[in-house]
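Can you make the complete structure from the sequences, with help from the hints?
Protein chains: 2
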Amino acid sequence: MLVPFDEVKPLVRAVLDGCGTPAAAAGLQAEILLEAELRGLPSHGLHRLPRLVRRIHQGLADPGATGEQVWQRPGFMSVEGCRGLGPVVGAAAIDALAPAARHNGIAIAAVRNSNHLGMLAWYAERIAALGLIGIVLSTSEALVHPFGGRRAMLGTNPIAIGVPMPAAEPFVLDLATSTVSMGKIHDHALKRRAIPEDWALDADGEPTTDPKEAMRGSLAPFGGAKGYGLGLAFELLVASLAGSAFAPDVRGTLDAEHPCNKGDVFILVEPLSGSGHAVADYLAALRSSPSTSPATPVGIPGDGSRARRRAALTRGIEIADAVWDQLTSLAGAPA
Amino acid sequence: MLVPFDEVKPLVRAVLDGCGTPAAAAGLQAEILLEAELRGLPSHGLHRLPRLVRRIHQGLADPGATGEQVWQRPGFMSVEGCRGLGPVVGAAAIDALAPAARHNGIAIAAVRNSNHLGMLAWYAERIAALGLIGIVLSTSEALVHPFGGRRAMLGTNPIAIGVPMPAAEPFVLDLATSTVSMGKIHDHALKRRAIPEDWALDADGEPTTDPKEAMRGSLAPFGGAKGYGLGLAFELLVASLAGSAFAPDVRGTLDAEHPCNKGDVFILVEPLSGSGHAVADYLAALRSSPSTSPATPVGIPGDGSRARRRAALTRGIEIADAVWDQLTSLAGAPA
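Chains E and R supply the protein sequences, listed in that same order.
Read in this note's numbering, the first sequence has 126 at position 138, and its numbers run on one by one without any break.
Read in this note's numbering, the second sequence has 310 at position 322, and its numbers run on one by one without any break.
Worth flagging that the hints you see were computed from the coordinates, not collected in a lab.
Please note that the accuracy of each hint is not assured.
Okay, the calculated beta carbon distance ranges per label pair [said to hold, decoys possible]: (1) R/Asp(-6) / E/Gly136: 30 to 36 Å; (2) R/Lys200 / E/Thr197: 36 to 42 Å; (3) E/Glu185 / R/Arg296: 45 to 51 Å; (4) R/Glu194 / E/Glu245: 52 to 58 Å; (5) R/Glu194 / E/Pro285: 15 to 21 Å; (6) R/Ala272 / E/Gly171: 29 to 35 Å; (7) R/Gly119 / E/Arg204: 17 to 23 Å; (8) E/Ala272 / R/Gly212: 21 to 27 Å; (9) R/Ala191 / E/Gly136: 31 to 37 Å; (10) E/Glu56 / R/Ala191: 41 to 47 Å; (11) R/Gly119 / E/Glu185: 53 to 59 Å; (12) R/Lys200 / E/Ala283: 29 to 35 Å; (13) R/Gly212 / E/Gly171: 46 to 52 Å; (14) E/Gly136 / R/Glu185: 21 to 27 Å.
We put the CB at the ideal spot given by N, CA and C, even for glycine.
What follows is the structure, given as structure tokens:
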């Protein structure tokens, strides 16, 4: 169903308030879930809220925790997440990191034991809004098989990169190193649609076009051996810096039974060359370069997301009936 | 032809000595070219040497320059490359950066106006040998079209990531964000072999299987829209940090007529979590996880490169006759 944004927002806040989330934390957690919905990324949106509420009730997520920040070096902060909400611990880390990045030129935070970050673009945008370049990495449960492998051994290991632009919205890239998300496989299963053969393997490691088989199996890395290499490198970077678990041992972003033991890394850099206007000119040249189809100009990452966001703010958010029912029930509001 | 390694090495040194390269610089430049040959990456090997010699003779490369290093911040070094050799300026930057990375936890160098870096894995290995994590980026001439585009607008924008391992060789990933290298297209042209349809476009932006048409056209980004996004993000990162030219304006890595105006970025991080043994265990688990073909176990990036290197040290390096003839002629040695 299509719900006006202004109607959804207070419901989400009510749900978070209802389980004892402090106002500032509820604001951050609500914003990132709603931003995912606005941008057409429901896999990182409201369907995660009921699970988060269960995690809070079971003590697996502490809505009052912002993380214990320890400066190991003047530019290196280790964060013990203390089961805090991902966006709360992440935003606190960025806020603490920004002055160090301005002073040192670059600074890094490595976070463990905080909950699911959600959509990484949100963090890259926060960093860009501070006038800094941001690189954000996070890990997950084992969902992706190695190139040439049959079993899920890697996380979806997304990366976001944000570059601030003078007098314009920042450049923001946000992608997982799997070909598609497990959410997209679930979506095909719900709609009883076959999936392309190169998206996933079944539980035996054989190619499948049946989304239900794929849900018990593993996702393909994007871009073959290269995408596998990047996903693996991100896994090692995060674990080497955060001391978090490796994918086969990661729990807690998809369940309501286990503490969340994945890791996150935030790198903030001051863009010191002063070439912001040259960056803008280059992006303009890219957009106006010839495209394969006259109807579809060459795009820049983030374009589609921004267009969907604008449309959803006007038209409303498309929310699955089941998700809407859960949300209104949790909020104690009439459905 | 197959030439013993010990026979090639002094020739390369003789060529570099012959155009006035100081001994330390010649050692670094020779090593990286030879390492590329040993690892089966001739596109970054000896065929680049005659062009480099011409660049030195024409004043486009200064074999005595190590770059002017300016610390903009305690962890951010800007390097004016002063037309120095890529590996000489790069190695000097890494050496200066390492103590800052240990002190701050992380440090970055942004380099402009130095010559072609060559194989990025070499730098990641140098950084890992210092016990540090390394991320290396470099840009190039416009060779890659945007996803959905028809014209070369991006560099091949490679990335290398190195992670030191306790009592083992480091993990080293090194990949370009194009599907294949232009060198591979050249190789197919030489051998009069067609290329797959998804590798490249011709000069009109149409798909082609003719490598000669592809050489006048553009390479596809790897992994579709995601690989395009990463290549673009790396282009923006390097330009924002180094103040170097964007791909359409880059010259000097493929010619002997222009100063080289691409940029390079080196990020060094101290792996503070102390999880080195967990990393090694995880890589071992990956290798022993089930593979699609029993004859080919799951690999780790760098495996193939190391195997080829071992074989070449014993059997010799396969060098194209034309490259060998140029090399011996430049060295003034009997062919």
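Check each numbered hint against the structure and report the violated ones by number, ascending.
-> 3, 7, 10, 11, 13
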